[in-house]
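Produce the complete structure using the sequences and hints provided.
Under this note's numbering, the very last position in the sequence shown is 321; numbers go up by exactly one each time.
FYI, nobody ran anything at the bench for these hints, they're computed from the structure. Please read these numbers as outputs of a predicted model, since none were measured by experiment. Hints should not be assumed to be uniformly reliable.
As the list claims (entries may be wrong) - Calculated cross-link-like contacts (lysine-lysine; reagent style BS3-like; alpha-carbon spacing at most 27 Å): (1) LYS298 - LYS309; (2) LYS298 - LYS53; (3) LYS215 - LYS178; (4) LYS53 - LYS212; (5) LYS298 - LYS215; (6) LYS212 - LYS178; (7) LYS77 - LYS13; (8) LYS178 - LYS309; (9) LYS162 - LYS215.
Claimed, not checked - Okay, the calculated beta carbon distance ranges per label pair: (10) TRP223 - ALA105: 28 to 36 Å; (11) ILE101 - ASN307: 45 to 53 Å; (12) GLN161 - PRO111: 22 to 30 Å; (13) TYR209 - ARG50: 29 to 37 Å.
Cβ atoms here follow ideal geometry from the backbone N, Cα and C, with glycine treated the same way.
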Amino acid sequence: MQGPTPQKILFAGTPEIAATVLAALLDSPYDVIGVYTQPDRPAGRGRKLTASPVKALAEQHQLPVYQPTSLKSTAEQQVLKALGADLMVVVAYGLILPQAVLDSFPLGCVNVHVSLLPRWRGAAPIQHAILAGDAQTGVTIMQMDAGLDTGPMLLQKTCTIEPNETAGQLHDKLAELGASALLETLNNWQTIDASQQDVSHSTYASKISKADGLIDWWLNATEIQRKVRAFNPWPVAFSHLHEQTIRIWQAEVLNEQASGAPGTIIAADAAGIDVATGDGILRITQLQIPGGKALSAQDILNAKHDVFNPGQRFGE
6 MQGPTPQKIL
16 FAGTPEIAAT
26 VLAALLDSPY
36 DVIGVYTQPD
46 RPAGRGRKLT
56 ASPVKALAEQ
66 HQLPVYQPTS
76 LKSTAEQQVL
86 KALGADLMVV
96 VAYGLILPQA
106 VLDSFPLGCV
116 NVHVSLLPRW
126 RGAAPIQHAI
136 LAGDAQTGVT
146 IMQMDAGLDT
156 GPMLLQKTCT
166 IEPNETAGQL
176 HDKLAELGAS
186 ALLETLNNWQ
196 TIDASQQDVS
206 HSTYASKISK
216 ADGLIDWWLN
226 ATEIQRKVRA
236 FNPWPVAFSH
246 LHEQTIRIWQ
256 AEVLNEQASG
266 APGTIIAADA
276 AGIDVATGDG
286 ILRITQLQIP
296 GGKALSAQDI
306 LNAKHDVFNP
316 GQRFGE
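Following this line, the structure appears as structure tokens:
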């Protein structure tokens, strides 16, 4: 990279993963002069306006916090530029940065993206890496441009996706990896060479919705188990039984073939609830019934043994 090592940094981020990176920055020699984060949102059963994890952390450290609904206006862009930062660090901020914002910093804007770009550009790289059965993923520190995760790459770090790892577990692992990768990038700013992404290898990680959690039992057991892992802790994979929505939090693939139609309960005991799929058997080990909390299959069967009788079929 050309130019001096960044000293005054403006941070932009919103969820927990961004707060993890911000915490590492605040523990470093770099001067975080302010934080941009999304406006407070309703949360919880009472729908009370709640600060983002980044805002909560910033306020603990008495940092100025800015929460515009958009950065498209000239007035907001002038406020941002007047802060006089050398560099903006962006982690899951959630707002589009217009070109005028990208041009507001002498050293530009860098993004901590939780995939090995150009694979899984977009909003949900963690979930899509698990859904696709990727054996590894990682983080990319990228110099931002006007495209969607298309800028030059400054540093990448890889990690293994374990066979039963959930999106929540992988999220936490990548948050720590992203924090260390960012600090390594800043510490070696003057010697790091940016590399362009190979567009021919790009894939897109579309945003996940609650509806995506619906299980298609005609898929094979491995694909369904990946969905269960990818959507834990949100939106949580689900299916319908007796007109009730059953949320499936954990499951494993049995190395056996099913005799029943996809979605049919083959067996239900302390080990789990075994369900036939398009190919193979999925054993549900943790689930949630309406009005209850997530429990082991054994605990659910102790209380509701008549709901999951063999021969009954999910999806009907």
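So which of those numbered hints doesn't the model satisfy? Numbers 8, 9, 10, in rising order.
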